[in-house]
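Can you make the complete structure from the sequences, with help from the hints?
2 protein chains.
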Amino acid sequence: MNRQNLIQLIKKKQSFLCVGLDSDIDKIPAHLNYAEDPVFEFNRQIIDATLNYAVAYKPNLAFYESRGMEGFKSLHRTMEYLEKFTDQCFTIADAKRGDIGNTSTQYARAFFDKKNSGFDFDAVTVAPYMGEDSISPFLKFENKWVIVLALTSNKGANDFQIREDKNNQTLFEQVLRTSAQWGTPQNLMYVIGATRAEMLGKVREIVPDHFLLVPGVGAQGGSLSEVAEFGLNADCGLLVNASRSILFSSDGKDFAGRAAAEAQKMQNEMAGLLSLRGVI
Amino acid sequence: MNRQNLIQLIKKKQSFLCVGLDSDIDKIPAHLNYAEDPVFEFNRQIIDATLNYAVAYKPNLAFYESRGMEGFKSLHRTMEYLEKFTDQCFTIADAKRGDIGNTSTQYARAFFDKKNSGFDFDAVTVAPYMGEDSISPFLKFENKWVIVLALTSNKGANDFQIREDKNNQTLFEQVLRTSAQWGTPQNLMYVIGATRAEMLGKVREIVPDHFLLVPGVGAQGGSLSEVAEFGLNADCGLLVNASRSILFSSDGKDFAGRAAAEAQKMQNEMAGLLSLRGVI
Numbered sequence: 001m002n003r004q005n006l007i008q009l010i011k012k013k014q015s016f017l018c019v020g021l022d023s024d025i026d027k028i029p030a031h032l033n034y035a036e037d038p039v040f041e042f043n044r045q046i047i048d049a050t051l052n053y054a055v056a057y058k059p060n061l062a063f064y065e066s067r068g069m070e071g072f073k074s075l076h077r078t079m080e081y082l083e084k085f086t087d088q089c090f091t092i093a094d095a096k097r098g099d100i101g102n103t104s105t106q107y108a109r110a111f112f113d114k115k116n117s118g119f120d121f122d123a124v125t126v127a128p129y130m131g132e133d134s135i136s137p138f139l140k141f142e143n144k145w146v147i148v149l150a151l152t153s154n155k156g157a158n159d160f161q162i163r164e165d166k167n168n169q170t171l172f173e174q175v176l177r178t179s180a181q182w183g184t185p186q187n188l189m190y191v192i193g194a195t196r197a198e199m200l201g202k203v204r205e206i207v208p209d210h211f212l213l214v215p216g217v218g219a220q221g222g223s224l225s226e227v228a229e230f231g232l233n234a235d236c237g238l239l240v241n242a243s244r245s246i247l248f249s250s251d252g253k254d255f256a257g258r259a260a261a262e263a264q265k266m267q268n269e270m271a272g273l274l275s276l277r278g279v280i
Numbered sequence: 281m282n283r284q285n286l287i288q289l290i291k292k293k294q295s296f297l298c299v300g301l302d303s304d305i306d307k308i309p310a311h312l313n314y315a316e317d318p319v320f321e322f323n324r325q326i327i328d329a330t331l332n333y334a335v336a337y338k339p340n341l342a343f344y345e346s347r348g349m350e351g352f353k354s355l356h357r358t359m360e361y362l363e364k365f366t367d368q369c370f371t372i373a374d375a376k377r378g379d380i381g382n383t384s385t386q387y388a389r390a391f392f393d394k395k396n397s398g399f400d401f402d403a404v405t406v407a408p409y410m411g412e413d414s415i416s417p418f419l420k421f422e423n424k425w426v427i428v429l430a431l432t433s434n435k436g437a438n439d440f441q442i443r444e445d446k447n448n449q450t451l452f453e454q455v456l457r458t459s460a461q462w463g464t465p466q467n468l469m470y471v472i473g474a475t476r477a478e479m480l481g482k483v484r485e486i487v488p489d490h491f492l493l494v495p496g497v498g499a500q501g502g503s504l505s506e507v508a509e510f511g512l513n514a515d516c517g518l519l520v521n522a523s524r525s526i527l528f529s530s531d532g533k534d535f536a537g538r539a540a541a542e543a544q545k546m547q548n549e550m551a552g553l554l555s556l557r558g559v560i
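Residue numbers (this note's numbering), protein chains in the order written: chain R, 1 to 280; chain Z, 281 to 560.
FYI, nobody ran anything at the bench for these hints, they're computed from the structure. Among the hints, erroneous ones may be present.
PhoX-like, lysine-lysine: derived pairs with alpha carbons at most 20 Å apart [stated by the list, open to error]:
#1 Lys115(R) - Lys307(Z)
#2 Lys140(R) - Lys114(R)
#3 Lys395(Z) - Lys140(R)
#4 Lys155(R) - Lys420(Z)
#5 Lys166(R) - Lys545(Z)
#6 Lys446(Z) - Lys420(Z)
#7 Lys395(Z) - Lys73(R)
#8 Lys73(R) - Lys394(Z)
#9 Lys353(Z) - Lys364(Z)
#10 Lys27(R) - Lys446(Z)
Printed below as a string of structure tokens:
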């Protein structure tokens, strides 16, 4: 999905909600155990329940890889199901990959090259530590996106990301400035944690046009209105992710209905924020 | 495998060679296409041919993930095969993972928790960008190892890793100093590229006791004797990886014999270097 289509989708749904499919098999409702693949069944019902309110889905690879072959099958089934809605949602492999050039080319195939891997994600998250040749192979795929970690939502972000150099520039700022030269706002996004909304102003000075994928609203404590205040641009420019707060708002038979209600609540708030800023 | 056993293995084989299983399906000999799983058949023959000379095997996950379900099966078969030699080699998942705490816990399960995932690697490579809580979940598994990226062998290492702060400390030095507090030389190693052997002296000042996993000898141009000069410590303290130079030294029916010869050549040189330094 290209940038223009993503923006149209956001305007149509009046939402910039991304639902994180961190589908922990130990947390999904027990009544789903009847299914051949409970995690896929869970994802299918979550997708059906939230598709009107969400513009993106983001499977977190770790929750599938931890279950080995079975988890891999759940992920494949989920992505196959999402293909039915290919114009109705953007898909992100939250994989945090990155390696030397020839290896990153293989990772890019793993997520973007359906003929080889079976997967056809729109975007993949990557870690910037290994620099340009770890990221540029992903940028060679047409209408695909790289989402570079810049400032993450976790406590460990303090260890290296906000470390300042001689010019008082933090590492995450250098990652933004440097990597912005490797791609364009048409194929590059950044992860900026909602738990640091006050930093979003600084981020927007460096990358005014890029989309930002913002985790940390919900279970991690970030505020949607603060994120919107500092992060929205004329094209929206935000995808705000919620995972646990939507997926696990109930562990009973009403889980999908409750997920829909949670997603709708966020969509409502997002519609208001988009309208306030004149995006819609 | 714990540190003591790894050191014994190195002394017994007089080798600190790690064979990187970057088993690119487009590069393996065409005559293997008869096999149900050519990549597994290739790996099996490479392992048989090099087991006398190598102390470790390092599947590069990207080359399996790029082939989707088929690649995943090849990797499972390879690790199942390596279980036969569990006391004879150390196994490394070269995966470069790292995410917020609850997600890194799932990644640790993916590589270390055989009951859940089917995999029982000794070690996994991780990226440090997201800080402590992205790495500490891997350190909770007994007799398992985390190998943190510090200074990598690729050109992109120049983008962020050698960036200096106000105290003239580079990012990779800060990663070494900070992360060394999260684990011990019993469960933590570092990736240091052989293409920067001159930096190994500086690395050894910061982490004299830790094992270093050193890629970049062979196809990437690093020198084994330089790596040994600056990197060896009293317990050896090195695992030097070679991938392409061993795997693809021939694309004919003699590939396994040629791989054995390449591995033996490196083991010979390593035995000399270990002896010179009094490790054996």
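Results for each hint:
no.	hint	verdict
1	Lys115(R) - Lys307(Z)	holds, 18 Å
2	Lys140(R) - Lys114(R)	holds, 15 Å
3	Lys395(Z) - Lys140(R)	violated, 38 Å
4	Lys155(R) - Lys420(Z)	holds, 18 Å
5	Lys166(R) - Lys545(Z)	violated, 46 Å
6	Lys446(Z) - Lys420(Z)	violated, 34 Å
7	Lys395(Z) - Lys73(R)	holds, 17 Å
8	Lys73(R) - Lys394(Z)	holds, 17 Å
9	Lys353(Z) - Lys364(Z)	holds, 18 Å
10	Lys27(R) - Lys446(Z)	violated, 46 Å
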